[in-house]
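**Q** Sequence:
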Amino acid sequence: MKKSLPWLTAVLLLASPLVLTLPWQEWLQAGIGLRATMRAFGSWSAPLFVLATALATALGLPRLVFCVMGGWLFGFAWGFAWSQLGSLLGAYGLFVLARHTRPETLLVKYPRLRALSAPVGRGWFSVLVVRQLPLAGLYNDILLAWSPVSHRDFWIGSFIGFLPLGITASLMGAGAIQADLAVVGRYLAMGALLFVTFSLALKWLVQRRVTASPTEWV
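Using the numbering used here, read the sequence shown as starting at 881 and increasing by one per residue.
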């Protein structure tokens, strides 16, 4: 996380002016059509979106795609809420499945798991640390399932760990549906600022906790 944060920050800052040159009118029309389709489901639109996000996350698809879609379809606040809920449900479903599946079965299906040797201790902070590893969410969930962390700590640590990119992606999605490019720019700037703020806060929390108790979470 320490090495990747400056690069991610630089990419966000450099990309912000460039995205304003993208075909926003076409995207806006597509977004309006997609919103209309979702509204046709009425009160079922949010549950269906949460279910789709959960299934996709459990299958290993990038959850950030659904965070962007959530912001696009429901606006930032509800889009973030529904995509965060779906991501957590999907990650938890895989966590439960992996915890009740023999390790050798998963090692055959996902050979890359053989390279995972990071020690994981107890408590929500251990989950938060694992969430910062440069691994796909699918592998993080399985690694946590093989650890002694409790179900409650999995939820707490995952909720906090999902915040930086989840909020940023939802803001990007909500901004993409705006008709005014100035408003789009404000959404992108706000997303970049919140991403940096949350990422630095998590980095500070992890470093402080590990420095204070270097063997507590391993």
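Simulated from the structure, these hints should not be mistaken for lab results. None of these values were measured; they are calculated from a predicted model. Note that the Cβ used here is the ideal one computed from N, Cα and C, for glycine as well. Hints are not guaranteed to be accurate.
What the hints assert, rightly or not - Taking CB as the label site, the calculated pair distances span:
| hint | residue 1 | residue 2 | range |
| --- | --- | --- | --- |
| 1 | LEU1073 | PRO927 | 16 to 24 Å |
| 2 | TRP1035 | THR981 | 15 to 23 Å |
| 3 | GLY973 | TRP924 | 19 to 27 Å |
| 4 | GLY913 | ARG1002 | 45 to 53 Å |
| 5 | ALA1069 | LEU931 | 17 to 25 Å |
| 6 | TRP958 | LEU1013 | 24 to 32 Å |
| 7 | VAL988 | PHE921 | 20 to 28 Å |
| 8 | ARG1088 | GLY955 | 30 to 38 Å |
| 9 | GLN1087 | THR981 | 32 to 40 Å |
| 10 | SER1030 | ALA1069 | 33 to 41 Å |
| 11 | ALA1081 | ALA1016 | 21 to 29 Å |
| 12 | PRO1028 | ARG919 | 12 to 20 Å |
**Q** Give me the numbers of the hints this structure contradicts, sorted from smallest to largest.
**A** Hint check: 1, 5, 7, 12 fail, others pass.
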